[in-house]
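Visitor: Chain order of the listed sequences is A and B. Residue numbering for the first sequence follows this note's numbering, beginning at 895 and increasing consecutively. Residue numbering for the second sequence follows this note's numbering, beginning at 895 and increasing consecutively.
Treat the hints with care, as some may be off.
Copies of one chain are not kept apart here, so a pair can be met inside one copy or by any two copies together.
[As the list claims (entries may be wrong)] EDC-like, lysine to aspartate or glutamate: derived pairs with alpha carbons at most 16 Å apart: (1) Lys947 <-> Glu963; (2) Lys947 <-> Glu1015; (3) Lys947 <-> Asp930; (4) Lys947 <-> Asp969; (5) Lys947 <-> Glu979; (6) Lys947 <-> Asp1025; (7) Lys947 <-> Asp928.
No wet-lab data here; the hints were simulated from the structure. None of these values were measured; they are calculated from a predicted model.
Number of protein chains: 2
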Amino acid sequence: MSAKSAGASSALEEGQIFSPRFSADGLLTCVTVDADDGAVLMVAHMNAEALDKTLSSGLVHYWSRSRGELWRKGDTSGQLQTLVELRVDCDQDALLARVRVGGDGGACHTGRRSCFYRRVEEEDGAARLVDIAKN
Amino acid sequence: MSAKSAGASSALEEGQIFSPRFSADGLLTCVTVDADDGAVLMVAHMNAEALDKTLSSGLVHYWSRSRGELWRKGDTSGQLQTLVELRVDCDQDALLARVRVGGDGGACHTGRRSCFYRRVEEEDGAARLVDIAKN
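My request is simple: use the sequences and hints to build the entire structure.
Guide: Take a look at the structure:
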């Protein structure tokens, strides 16, 4: 048993109490995956209100850092994300949302299914990006 | 085509140049998944040095925010993460690392395979955690 397993860490890591550890700017990182095949669709953030609304409505809400506003995913695109399961990580500062996507099934504003559509490749010490999306 | 597709955003989102957008504290979020079955293992952070060492060595390095130090995953646990593929998201502030895990195949310091071993369940307006890990 490591030192991290004792006391407060133990309750945080092994307990049944949901105690999300928001960052200094009030956010949790959320990884969103397709509930059916597990594909990673996007990474975004939730503040306390987005988390509450996600749990109470069953539709995923985020906090947009760039726009500074609460955002129900899919409101404009139709790509609503119905929550199938929400998980939290060991130290409760990150979430994993398993979702079913409405509309055309995509999550990225570029039109692709996933935001992670480019591979980083190193060649002669330089990194370049290769598009791997099949949409 | 949305406003976000024009100009600088277009190069960032559609270009072949890897231009990681580190946060104000110099970090990128990294989602790490098992390359074979796609299971989300952990969420951690990379600074520029961790990213460089990951790409040059093929073993995943992170920046530990709690310890304030560069961290080659698995150095103490044996759970080294061999990089199979690194992807970047549309706005280049998050990474997806597809890895093969050494040692016992786990990634979480609690001994479980994944850090996301608890489901958030709402009951009568209160959220509690249910352990779903099969190790």
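Visitor: Hint by hint, say whether it matches the structure.
Guide: Now the hints, each set against the structure:
| no. | hint | verdict |
| --- | --- | --- |
| 1 | Lys947 <-> Glu963 | within (13 Å within a copy, 36 Å between copies) |
| 2 | Lys947 <-> Glu1015 | between (39 Å within a copy, 14 Å between copies) |
| 3 | Lys947 <-> Asp930 | neither (23 Å within a copy, 34 Å between copies) |
| 4 | Lys947 <-> Asp969 | within (14 Å within a copy, 40 Å between copies) |
| 5 | Lys947 <-> Glu979 | within (14 Å within a copy, 35 Å between copies) |
| 6 | Lys947 <-> Asp1025 | neither (34 Å within a copy, 23 Å between copies) |
| 7 | Lys947 <-> Asp928 | neither (20 Å within a copy, 30 Å between copies) |
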